[in-house]
Structures are given as C-alpha cells and as structure tokens.
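The primary structure of each chain is shown beneath.
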Amino acid sequence: MKAVSKSAFVAAASVLLIMPAWSASRDENARAEIVGTEEAVLTDAPAVPPAIRRNHATKVVVHLEVTEVEGRLADGVSYTFWTFGGKVPGKFIRVREGDMVEMHLENHPANKMPHNIDLHAVNGPGGGAAASLTAPGHTSVFSFKALNPGLYVYHCATAPVAMHVANGMYGLILVEPKEGLPKVDREFYVMQGDFYTKGANGEKGLQPFSMAKAIDEKPDYVVFNGSVGSTTGDQALTANVGENVRLYVGDGGPNLTSSFHVIGQIFDTVWAEGNMNTPTKNVQTTMIPAGGSAIVDFKMSVPGTFIVVDHSLSRAFNRGALAQLKVNGEENKSVYSGKTSDEVYMPEGTGARVAEQRSKAPPAAKDKSERIRAGEAVFANNCQACHQANGEGVANAFPPLAKSDYLNADKVRAIKAVTGGLEGKLTVNGVAFNGVMPAWDLPDEDIANVMTYIYNKWGNSGLEVRPADVLANRVKQN
Amino acid sequence: MGAVVASAVVTALAAVVHPTPMATIPAGEYLPFFQASPGKGKTRAAPAPIWMPSFRLDAVPVTNGQFLDFVREHPEWRKSRVKAVFADHRYLESWRSDLKLPDERAAAEPVTNVSWFAAEAYCEAKGLRLPTTEQWEYAFADKGRKQNEVEQQSLDWFSTPNPKRLRAAGRGEPNGYGVYDMVGLVWEWTLDFNSFMTGTEQRNTSSKDDAAFCGNALRSSLKANYTVENVGFRCEADQ
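Protein sequence lines correspond, in order, to chains A and B.
Last residue of the first sequence? That's 478 in the numbering used here, and every number before it is there in order.
Last residue of the second sequence? That's 239 in the numbering used here, and every number before it is there in order.
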C-alpha cells in the first residue's frame, strides 16, 4: 500500500515535470505588478544580452536610435542601411514576460526619413507603429506590457514598408518566460534579410535600393547579419567541443523565408517560430517565416567549422546567406571518424566500361581557338558550380579565376592544383581562402582545354596549356 | 478693379523683394502621385486627371541668405524671439545667432530647420505662399517625364544618406520647367502638408507601396512647428 502511494506520487511529480511550466497566462501577465525600473541592455549581433535573473516584472526602458548609415553589403559594394541602433540587424532586446516595456524611438536629426517601429511582441493596433511615427530629430515614446513569452521580430512599418525593411530595419526582442530558458554555454543572435540593389550581385560601388526588384521579390543579396561574410573568417561564431550553443534566429525579410540549417549539426531542440510551449527535438532544418523567428539549441560533439545556411542553397552559395561557427576541441573519432581511406572504386561489371571511357580520349583540339571552345564545356560541367560562370568565384568560399594572380603566376602549379586538388589556406588576389578543391580525374586533353579556356578569359594571361604540359606535370592519382 | 490693382501691386512687390527667378509652370492635366484605394470589394475606375491652372514657382529653394534678409525685417522670426508654438527648439539650428549664419558658404545653401509657420510667413511677407502638394508634385513630374522615372529619381535620393553639408541651391540641372532641386537636395514644406488622409498607420491602405509614400509618410510625421535638418521650402504665386 505504501509502495503504491509512493509510485502514485512519483507519477504525479513526473506529470508536473512533463507539463511545460512555460509562461503564465496572458491575463496573469497583464495583472503582474511592476516593481522598479531598469534600462534595457541592448546588443549588436551576434551578441545577446545576458539572461534575466529577476523573479518579478519591472519597467524596462528601451532607447532605440534610428540612424541611416552607409556601410558594406559585400566586398566593394556599399549600401545605405536604415538601422535600429547603427547596425543590421537592429539591437537585440531582452525582457521578461509581464514586464512593462517603455519604448523610446529616437530618429536621429541627420536622418532623411521618418521611421516607426512595429514589435510583434506587442498586443495593440500596428504593434506600436502608429504610436511611434517619428520625424527626423524627434523622439516618440509608448509602452506595452509583454503578455506573451517568445522570440519576436520588430521592424519599421513606415511606408513604403518593403523599402524600410529591405534597408535593414528589423531586429529581435526576446520575451523570456518567467522560468527562463534552459541554461546554455553560448548564445548568439543571427538574422537573415534580403537586399535589392539597382546593380546586379557583385556590381561595385554604392548601390541604391531597387523598388522594382523588391516588388518582384528577386533579391541580389540574401545575408545573415547585414552583409555578405558578416559572420565568417575572423568574425565567425566560436564555441568549444562539449558546449551547448543556442542561436536566436530571425528572418527580417522583407520577402524571403529561411530554410535554416547548420551543415554537419543536428538541432537538439528547436523552439519553432520562437514559441515557448512546444520545443521539438532532433531537427535538421527549421523553417523561419519572413517576420518570424526560431530558437535552436545544439551540443557541439566534435571540432571543425560548421556552415550556417539558408538551405535554399543558391541563396547561400550565390547570394551570401552563409555564416560560420568554428568549434575548437578534441576530436571524437567515435562520433565522427573523418576520412579513413580513399581507394579506387571498381563496381562489379562496370570497371571495364569506365576504363574504356577513360582510354577513349576526347578529340584532340587542332589549335588554340578550338581548345578554348572545347574547354568551355569542360568548365561548365566541372568548374562553374563553384568558380561561377563569370569566373568570379564566391566570396569567402571559392576563389576567383578571373584576373587570378595565383593562376597567372605559375602554370605548372595550376596544373598540379587541378589534377591533384588543393586543401587549406590559399591567398588569391589578396583575399584569404580556406577550403577544399577536389582532384579532377579528367584526360590530359580535357585538362589542357579547360585550363586554356580559363587562361583566355576574364583578363587572364592568355597562355595555352597543351596536353603534353598536363602529362608532364599532372599529379598522379593512385 | 481694386482686386486687379492689388494683385498687380503684389506681383510688382514680389519682383522687387524676392530676387530669385520664378519659373512659370504651364497649365495642364495632372495625376496625383498617391491614388486612394477604392475600398473593399470595389474596383477602381481609371483615376481622373486633375486640371492644374498655370502658376509660378521659385526656381530654387529659399536660401539661408534670403531667410536672413527676412528675419532682419521681421524680428519676430529671429531665433531668440520665435514662439515655441511656431517653431521648435531646432529652429535655424545651424545659425550662430539671430543674424549670423554659420559661415559665408551657408548663404547660398537652402535654409533648413524652418517650421511650416516660418516658411509660410516668409512667403506671405513677399506676397506669395507655399505651393500646395498638388502644385509641387505637378511641377516635379514635369512635362514629358514618365511616372517611373520620377519615382526612381526619388528612390535614388532616398538611398543616399544626407550629406554632412548641403550643397548650394540651384547648382544642378533644372527640370523641364526650369525648376531646380525638386528632389535631391532637401524635402520641402507644402501649404497643405497635413491634409494627407491615411494618418500614421499607413498599412491600412491597399494602395501601391511606392516612392510617393515616402513623402506622405514624412508629412504624417510632422507638425507645423517642427523644424527638421533636411526640410526647407520654396514659394509659389498664382498667375
């Protein structure tokens, strides 16, 4: 009998544990007594303000200054960003459910435009927009009670709305549940946005906003944290093996949603759309609506560089939606072995055909112009996906072939690179890369043709590579 | 007869004390930039053009130098004397004192940080007035130019941050009516700036979200005593 009552107690306790304790009701939060006042700690991405340790509601004063600033959108490309706090995305705001938020929207006197703010954390018409329309040189104040816990987008809602948002006027406000979120070792702020420029992707100089492209929803850039390469190389996110990492992810749009994914990492927990009540486990890719958010937690099991992308991949590899998380620590070969061997694969019955194909050399080009023509097809099939049709490569990922000092300096080295592959640090035209190019197992003729094609395009030296050069210098594969 | 005389006198007076040449804007048809939504469930009839009578408009925005002459003659509009209900604390902010410009160059630059009240007082003192929003738009979208060109000109300007210092007024290319700096230098007050209908929540309308809205948004954010670093004005005279 005693045993039974004990197990009943255990059952009841476990029900309590399973029941998400998340969040008081909206009415309870509306009634929550406000004790004291504090100034909000605001941070620029990728930093996140510290967790809230208070166990009561308070008045949180937020001073958000709107500035219109020229800044870097990509290498050689600048843009006039309209910002909440000087950077894109806007300042991260962190409050607790039940708090009274007093919002001061300060429109810098040097600004050209009026601005306002619509916070998705607000229950009220326009999310604060009408209450905060502010001329340059003025400040608007309004307040709201944080009734619903969650991770919310805020943005400017001044007409034309798509233009204000496309210029970078968005950010995140976290309304923490009373109980707080599970403790983690590192928290980061990442926000995606799409940009529409008058010139095409990569066109240099100060690029004005294109209303026509915005209306067509055809962005030239899709980026994390306001620019191509904002969160790569020296600016990459960092963590150590064994640590739990949390990303607060928003999508400012104005138009595109995000198929948010970290390459080589499964999300242990996702609070989809930033809702606090139904965390899901073991997620590969989480969908983030434009004007929406997600919180993702994951534990780093092995070291390495983990690439953060919008898994609509042209956005990642062609338009900039790519960030890096660099993780240091001990290898764990039982979790991930790395490459343990590389041998020739000879499927039963097909080996002969492959051999036959290999032995059948492509028709020999008669002269340089024929070589260039044949090389174009080889390029399209093998090289273009990374180095791009215009030879410009992809910033922070794939080096340019156009006007490439690396290429033009040394033909033999280039032949060895193509036939033997490349790995690790490499500087091309003064820009550092750290990636991998596979070895290309192609006939001498093909290698000669494609290299001649490359050498005669995009301002390169114009030399010809002959099959004999390739044969003499190629890196032998097994 | 008396009215005709009075108007002839005013014109003559304006010619004397307002040395900036005025451009004559010919009469014609005009489609306002912002077309109101027809309402739920209704389709919109083709917007009817408005007949715009001929008028004259300052060829360049009013400069600091011209405004200095005005406050010399009208002490009530000097920085130290202006009433807060007519101009906020940033009125003529860059001026060193009541009658002192920041430097010599400033005299040729457009006057900014002037309130609507001050701008209208300036125009009235010269027998003129501020142009209406319709007149302003009509003069901006000059003859032969397409709506999307006009819109792109606005967007290009919106996409450039305010310069540290404004350039002198009237130095660019004039438009087809001989008017300078309509877009590309400063915003300008209009007589009826606050008559715009949509108010401060502009997403209620289903109208196209385009460049015309920027001007409307700014107008909705202003009050007549506000002074803004990049808002100036020019004057208008009916023919």
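These are computed hints drawn from the structure, not numbers from a lab.
Careful: at least some of the hints might be erroneous.
Calculated pairs, PhoX-like style, for lysine-lysine (alpha carbon to alpha carbon, straight line, at most 25 Å) [unchecked claim]:
no.	chain 1	residue 1	chain 2	residue 2
1	A	K87	B	K164
2	A	K457	A	K403
3	A	K339	A	K299
4	A	K326	A	K339
5	A	K218	A	K198
6	A	K204	A	K87
7	A	K281	A	K299
8	A	K198	B	K83
9	A	K213	B	K146
10	A	K339	A	K411
11	B	K164	A	K204
12	A	K281	A	K178
13	A	K218	B	K146
14	A	K281	A	K366
15	A	K299	A	K326
Exercise. Looking back at the numbered hints, which does the structure fail to meet, lowest number first?
Worked result: Of the numbered hints given earlier, those the structure breaks are 8, 10 and 14, listed in rising order.
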